[in-house]
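Using the sequences provided together with the hints, build the complete structure.
The primary structure of each chain is shown beneath.
Number of protein chains: 2
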Amino acid sequence: MTQGAAGSEFDVRLKAVAGAIETLLDRLLSPATLAGEIARPPRLLEAIRYSSLGGGKRLRPFLVVETARLFGAEGEGVLRAAAAVEMIHCYSLVHDDLPALDNDDLRRGRPTTHNAYDEATAILVGDSLLTYAFDVTADPLTHADPAIRAELVLALARAAGFGGMIGGQVLDLEAEHAREAHTPEAVIRLQSMKTGALLHYSVVAGAILGKADAKARAALSAYGHALGAAFQVADDILDVEADEAVLGKRAGKDAERNKATLVAALGLEAARLRRDRLAAEAIAALDSLSQGCDASILKEAARFVAARAS
Amino acid sequence: MTQGAAGSEFDVRLKAVAGAIETLLDRLLSPATLAGEIARPPRLLEAIRYSSLGGGKRLRPFLVVETARLFGAEGEGVLRAAAAVEMIHCYSLVHDDLPALDNDDLRRGRPTTHNAYDEATAILVGDSLLTYAFDVTADPLTHADPAIRAELVLALARAAGFGGMIGGQVLDLEAEHAREAHTPEAVIRLQSMKTGALLHYSVVAGAILGKADAKARAALSAYGHALGAAFQVADDILDVEADEAVLGKRAGKDAERNKATLVAALGLEAARLRRDRLAAEAIAALDSLSQGCDASILKEAARFVAARAS
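Chains A and B, in that order, give the protein sequences. For what it's worth, our numbering labels the leading residue of the first sequence as 1, then goes sequentially. For what it's worth, our numbering labels the leading residue of the second sequence as 1001, then goes sequentially.
Read the hints as simulated data drawn from the structure, not as lab findings. This structure is a prediction, so every number in the text was calculated from the model and none was measured. The reader is advised that the hints may include incorrect statements.
[Said to hold, decoys possible] Straight-line Cα separation of at most 20 Å, SDA-like style, residue types lysine to any residue; simulated pairs:
no. : chain 1 : residue 1 : chain 2 : residue 2
1   : A       : K211      : B       : P1146
2   : A       : K211      : B       : D1139
3   : A       : K211      : B       : P1140
4   : B       : K1215     : B       : C1293
5   : B       : K1211     : A       : A147
6   : A       : K253      : A       : A175
7   : B       : K1211     : A       : P146
8   : B       : K1259     : A       : R43
9   : B       : K1211     : A       : D139
10  : B       : K1211     : A       : P140
11  : B       : K1211     : B       : D1145
12  : A       : K57       : A       : P111
13  : A       : K211      : B       : A1147
14  : A       : K259      : B       : R1043
15  : A       : K299      : A       : S288
16  : A       : K211      : B       : D1145
17  : A       : K253      : A       : L266
18  : B       : K1211     : B       : A1147
19  : A       : K57       : A       : R80
20  : B       : K1211     : A       : D145
Right, dumping it as structure tokens:
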């Protein structure tokens, strides 16, 4: 899927972070870790593990870890903050897949949580992961300085809330029944909220953990916005291209559902141009970082995000 | 409903805090407050307001405010922390009422959120209120000291999470189909998680905001545990008594659903004795506070909680 050569530094690091996050999530969600507290219902914990372990590239945690590493911040605390973002991402997938929302049966080839368990469990799995993300972020184990923890919590809540991810999900559902929500401007706003906000947070969290100065934070914030936007256009393009490859026609799953996509709003060619322009913008934003900062991995991440759909 | 004389100091304060919380929630959830950020979908915000404004005694905020006031902590920040607990409470009601969970049509005489709007909206309203509670708690407006904010977030996440409220909700659902979950010990554990944890947090939050010393915190924590337990027994008793009054039979809504209750587990008389003993325990716990602390309002709150069902 990636343009980078197999075994490139980027690929190696992406896999390494994904492995570290998997190990940490496994531990954070293990009965042994949680045994000291009030005993939890075993079936809920099993469903939470089903919904968060064993999958994905862990792109959001990767952005947290690699951004923090620009400033020399590494280790358990950074990984915990990164795992918390992934919990938010996983909760959003579990709730979005529910029958009342996108009604999806499969996710990465496996039954969705409400299919593997039941709807009540899926709702409570999502609630649990959302809540636990704030628990993990606010815990002193994540950072010794409470000002860092409180800042992370606030930024995460804003990215995940009705001004961010949840608001975007609502606009996405509404757009299925409202043509006026399919203008390029409306789709861009929807996407900046639904997927962009949490990707942007991931980069900002790395900057917070690295105690980046105001100039570096502004550069990284611009990078995060452009990367988040590029990610979603690439996703829209991927939906159409995957379908073309399989079915030989240009009507992906998004189109079937009347989802608001930038491919539909702009056309495939203009969407590709926008994706490439956004990836270039993301890379350019990093150029204003001080020369001591080697942001080559983050630049590679922007290329990777765009290349998913090429 | 309360034993105290109308116009008693307790009643006056309970109403005053409820009024202040209503005003603050209205403001925190107003389009004007939120206008500076990314525009939110208006229907979602309307449904969030429907689910959190205009109701209830606001007992949890009252406990936050009155506990903080023991230590001279008052004002906007304390009210914000208190409003955040109420958001968590409201989110839990919206999700618990969903068709896949308790499937309730009415809540305080009004259609439940999924009936007034739709199921997708109700799920996202709950997610929004849960997320916003952490946003409001972590915001510098709540307390200037980030250590206080981070401690509040951590305690709130633990009370609301799978080791607390959510875990209790799962046990509650499981108990409908498992007789072994109806032993007094199992019901007491379930209730200490489902409703006790958030009531306990409310008292602890007041102690954190008031920078109470370790001895006072231990006393208030004991008070919070006893009060939370008394609250739920009183609720179980109320369910049976309300039904007796209306229908002339001893089979309340809980019994119909095979809910695990302490009335069913212990019998009505033993449940009443337990409730009164817990209220007395809560009151006694406050006696170890230093003499400068006038905890009479919190003592009255324990009597009030027990008296709901007398």
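(request) Quickly compare the C-alpha distance for K1211 (chain B) and D1145 (chain B) to 20 Å and report which way the hint goes. (result) Roughly 11 Å separates the two Cα atoms, so the pair holds.
(message) Checking one constraint from the list: CA of K211 (chain A) to CA of A1147 (chain B), max 20 Å. Satisfied?
(response) Distance of about 17 Å is within 20 Å: holds.
(message) Between the alpha carbons of K1259 (chain B) and R43 (chain A), is the straight-line distance 20 Å or under?
(response) 19 Å, holds
(request) Mind checking the alpha carbons of K1215 (chain B) and C1293 (chain B) for me, to see if they're no more than 20 Å apart? (result) Within the cut-off at roughly 13 Å; holds.
(message) Can you confirm whether the C-alpha distance between K211 (chain A) and D1145 (chain B) stays at or below 20 Å?
(response) At roughly 18 Å apart (the allowed maximum being 20 Å), D1145 (chain B) and K211 (chain A) satisfy the hint.
(request) Measure nothing beyond the straight line between the CA atoms of K57 (chain A) and P111 (chain A); if it is 20 Å or shorter, mark the hint as holding. (result) 19 Å, holds
(message) For K253 (chain A) and A175 (chain A), compute the direct alpha-carbon distance and say whether it is at most 20 Å.
(response) Holds - the C-alpha atoms of A175 (chain A) and K253 (chain A) are around 15 Å apart, at most 20 Å.
(request) Would you mind confirming whether the straight-line C-alpha gap from K211 (chain A) to P1146 (chain B) stays at or under 20 Å? (result) 16 Å, holds
(message) Check whether the Cα positions of K299 (chain A) and S288 (chain A) lie no farther apart than 20 Å.
(response) 13 Å, holds
(request) For the pair supplied as a hint, K259 (chain A) and R1043 (chain B), confirm whether the alpha-carbon distance does not exceed 20 Å. (result) Status holds; Cα separation ~19 Å.
(request) Mind checking the alpha carbons of K1211 (chain B) and D139 (chain A) for me, to see if they're no more than 20 Å apart? (result) Given pair K1211 (chain B), D139 (chain A) holds - Cα atoms ~19 Å apart, limit 20 Å.
(message) Would the hint linking K253 (chain A) and L266 (chain A) be met if the CA-CA limit is 20 Å?
(response) 17 Å, holds
Checked against the numbered hints given earlier, this structure breaks none of them.
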